[in-house]
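Q: With chain A held as given, fit chain B onto it using these hints.
The residues making up each chain are set out below.
Protein chains: 2
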Amino acid sequence: MRQELLATSIRIQEYIHRTPVISSKTINSISGAEVFFKCENFQKMGAFKMRGAINAILNLTEEQKNRGVVTHSSGNFAQAVSLSAKLLGIKASIVMPSSAPKVKQEAVAGYGGEITISEPTLEARQAAADKIVNETGATFLHPSNDMDVILGNSTAAQELIEEHNNLDVLMTPVGGGGLIAGTGLAANYFGNGCVVIGGEPMLVDDAYRSLQSGKIESNTRIDTVADGLRTTLGDINFPIIQEHVKEIIRVEEDEIIAAMRMIWERMKIIIEPSCAVPFAAVLREPEKFKNKKVGIIISGGNVDLGKLPF
Amino acid sequence: MRQELLATSIRIQEYIHRTPVISSKTINSISGAEVFFKCENFQKMGAFKMRGAINAILNLTEEQKNRGVVTHSSGNFAQAVSLSAKLLGIKASIVMPSSAPKVKQEAVAGYGGEITISEPTLEARQAAADKIVNETGATFLHPSNDMDVILGNSTAAQELIEEHNNLDVLMTPVGGGGLIAGTGLAANYFGNGCVVIGGEPMLVDDAYRSLQSGKIESNTRIDTVADGLRTTLGDINFPIIQEHVKEIIRVEEDEIIAAMRMIWERMKIIIEPSCAVPFAAVLREPEKFKNKKVGIIISGGNVDLGKLPF
Chain A
592 MRQELLATSI
602 RIQEYIHRTP
612 VISSKTINSI
622 SGAEVFFKCE
632 NFQKMGAFKM
642 RGAINAILNL
652 TEEQKNRGVV
662 THSSGNFAQA
672 VSLSAKLLGI
682 KASIVMPSSA
692 PKVKQEAVAG
702 YGGEITISEP
712 TLEARQAAAD
722 KIVNETGATF
732 LHPSNDMDVI
742 LGNSTAAQEL
752 IEEHNNLDVL
762 MTPVGGGGLI
772 AGTGLAANYF
782 GNGCVVIGGE
792 PMLVDDAYRS
802 LQSGKIESNT
812 RIDTVADGLR
822 TTLGDINFPI
832 IQEHVKEIIR
842 VEEDEIIAAM
852 RMIWERMKII
862 IEPSCAVPFA
872 AVLREPEKFK
882 NKKVGIIISG
892 GNVDLGKLPF
Chain B
592 MRQELLATSI
602 RIQEYIHRTP
612 VISSKTINSI
622 SGAEVFFKCE
632 NFQKMGAFKM
642 RGAINAILNL
652 TEEQKNRGVV
662 THSSGNFAQA
672 VSLSAKLLGI
682 KASIVMPSSA
692 PKVKQEAVAG
702 YGGEITISEP
712 TLEARQAAAD
722 KIVNETGATF
732 LHPSNDMDVI
742 LGNSTAAQEL
752 IEEHNNLDVL
762 MTPVGGGGLI
772 AGTGLAANYF
782 GNGCVVIGGE
792 PMLVDDAYRS
802 LQSGKIESNT
812 RIDTVADGLR
822 TTLGDINFPI
832 IQEHVKEIIR
842 VEEDEIIAAM
852 RMIWERMKII
862 IEPSCAVPFA
872 AVLREPEKFK
882 NKKVGIIISG
892 GNVDLGKLPF
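Going line by line, the protein sequences match chains A and B.
Residues in the first sequence are numbered consecutively from 592, following this note's numbering.
Residues in the second sequence are numbered consecutively from 592, following this note's numbering.
Don't read these hints as lab results, they were simulated from the structure.
It is possible that some hints are incorrect.
No copy labels: a pair is met if it fits in one copy or bridges any two.
To be verified - Distance condition first, Cα-Cα at most 25 Å in a straight line; then the derived PhoX-like pairs of lysine-lysine:
{"#": "1", "residue 1": "Lys677", "residue 2": "Lys616"}
{"#": "2", "residue 1": "Lys616", "residue 2": "Lys682"}
{"#": "3", "residue 1": "Lys837", "residue 2": "Lys806"}
{"#": "4", "residue 1": "Lys616", "residue 2": "Lys693"}
{"#": "5", "residue 1": "Lys898", "residue 2": "Lys693"}
{"#": "6", "residue 1": "Lys656", "residue 2": "Lys682"}
{"#": "7", "residue 1": "Lys837", "residue 2": "Lys879"}
{"#": "8", "residue 1": "Lys881", "residue 2": "Lys837"}
{"#": "9", "residue 1": "Lys616", "residue 2": "Lys881"}
{"#": "10", "residue 1": "Lys616", "residue 2": "Lys884"}
{"#": "11", "residue 1": "Lys884", "residue 2": "Lys837"}
Note that the structure is a prediction, hence the values are computed from the model and not measured.
Isolated chain A (complex conformation) (with noise of 0.2 Å):
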C-alpha cells in the first residue's frame, strides 16, 4: 500500500496544484492548539475532489478512457469529473441533482461536463447515471466508495505530512468517507504515529454510529448546512476508517457556522461549511488538542455567495 501511496502522488503531481498550508497566530491563540491548515479551497476547481478524480481517470484503460465516464454528485466531485475529463481529452457526463447549488451547475458546464438533472435523491442520481453508462458504456465513478478516488485523496495528506512531519492529529470533515480513509492510509503509512480524527455534523452522523455500531449507517435527515457532508459511508472506505480513523468528533450546526466565521474573518480565506467541521470540532473539545500540533484539510472553497449562513 505504501508503494501505491506514493505512486499515486506522482502519477497525479503534474494535474494538480501543491496547495499551501497556512497558519494563523491569532487561530492558534483561540483554539490553544497549534493548527496547520491544508488548503484544498485553492485547489484546481476548488476543492481536493479533484486528486481522487484525476487519479481514477488516469487509471483507466485506453478503451475506457475511449467510452468517456459519468457520475453523480452534489457538487465538487462533478466539477473534479468534468475538469479532469477535459485535461486528459475525454467525455465527461454528469447527473446532478436539482438542488445543487447553481455556482456548482455553471463550474460543471464551465469544464465541459455534459449535465442531467435528476431529482435530488441518492436513488433517482444512481438510476439516471446507470442509464447513461447502459447507454454510452461510459465508466462510473463514485465520488467516495472507489480505491482510486481514496488513494488520489490521500495525497493532500501526504503533501501536508511531507512540510510537517510531526504533526499528533490529522483531521477531515467526514461525508462520503473518501477523504477521512485516504487521509487514515497516508497517516498510517507516512504520519510518524499522527492520529486521524473525524469531524461531523451531529445532524448526519452517520459515520459516527457506523463506527459504533460496527455497520454503516443511514441518516434520517440531511439539512446540514455543511452541504458536502450529507452522504453515507461505503463498503470500499469503511474498512479503512474503521482501521485508521482514531475517532469522530461531533459538532453542532452554530458551531459549523461559527467556525466557518471565524477562519473567513481571522484568516481571509474561503471555505466552504463542510471544511469548517474539523476546526469546531477543535474548538468544542480544546483539552484533547491542547498544545497539539494539528494538521485539518480545508477540503473546499465553492461557497455560493448568494446563500450564506451568515
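A: Just chain B now, with coordinates in the frame of chain A:
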C-alpha cells in the same frame, strides 16, 4: 530616496508578514492580462496599513514613544496603529467615526487601542484627535499624508517587484493616496520601467480630478461601496502621485462589486471592496492591459461579513 526605501524595508521587516503573491489561470484568462496579486489581506491585522503604521512609530523618538500616538481612521489604519503600538509597548488612542464597521471597532479594541467615537465627519474626527494631542502630548499619525507612512507602504510594492521584476504595470486603489504614493516611489526606484496606474471609484474620483486640475480636489458624495477610498489626497502624497503615477482609471460601483465577487469566487480569498477597484479597472479597459504583466496590491481583507454587497 532609494536608500530610504531600502532602509524602511529592513527597519519594518521583523514586525510584518512578507505576504504571498498569487495568480490564477482563470483570472488571467478572463482578463487577458497576467495578474499578480500581492496579498496584503494576509498582512498582520489584515491590511497593508500595518507597514506604514509600524514604520511611522519606529521613527518616533523615545520621548515621543513615551507619550503615545493618536490617529483617526475609519478602520484599517486604526487597527494598524493599535497593533503597532502594542508590539512596541506604547499607548495608542484611536478616534473612530460612529459609522465605522463593528468588526473594525472590535479589532481595534482587541489590539489594545483606546477608542474615542466621533461624529463621522473629517472635521469632527480631527477635532477629537487634536483634543487628545493637546491633553496628552501624543503624536498624531495621519493615515496617508505622512512621509513615514508612505515609505512604509512602499514596501509592499518593493516585495512584489523583488519576486516579479518584469512587471509592466503596478496598480493600487486610490483613497487617501498613501498607498499609491509609496507604490509610485517603489516603482520608480526598483520597477525596471514599470508604470503605476491607480483605480478609483467614479463616485469619489477626487484623485482623478486632482491629477487633471493640478490641485487637491474633494468629493461631494462618499457613498461608494469601496469604504476604504472615501478620503482625499494630501499635500505630502499629492506631489509624489503627480510625479510617479501615470494615470487613474475610474470604475462604477457595479464593476467594483463584480470584480470583488470574481476574486472571492475564483481565488477563494477574502478581499475588501476597495481592493477590487484596480482589478475592476483592468476588466473595464482590457485593451490597455492585454498580455501585460500586471501587479495589483490587494490592500486588505477586513470585511464585515454581515454587510456584503452581494
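Q: Hints first: check each against the structure and report whether it holds.
A: Tested hints:
1. Lys677 / Lys616: between (40 Å within a copy, 15 Å between copies)
2. Lys616 / Lys682: This pair counts as between: shortest inter-copy Cα distance 22 Å, intra-copy 45 Å.
3. Lys837 / Lys806: For Lys837 and Lys806, the Cα distance is within 25 Å only inside one copy (16 Å; across copies 68 Å).
4. Lys616 / Lys693: between (35 Å within a copy, 22 Å between copies)
5. Lys898 / Lys693: For Lys898 and Lys693, both the intra-copy (10 Å) and inter-copy (22 Å) Cα distances are at most 25 Å.
6. Lys656 / Lys682: within (8 Å within a copy, 67 Å between copies)
7. Lys837 / Lys879: within (13 Å within a copy, 56 Å between copies)
8. Lys881 / Lys837: Result: close within a single copy only, 17 Å intra versus 53 Å inter.
9. Lys616 / Lys881: Answer is within; shortest intra-copy Cα gap is 14 Å, inter-copy 39 Å.
10. Lys616 / Lys884: within (13 Å within a copy, 33 Å between copies)
11. Lys884 / Lys837: within (16 Å within a copy, 49 Å between copies)
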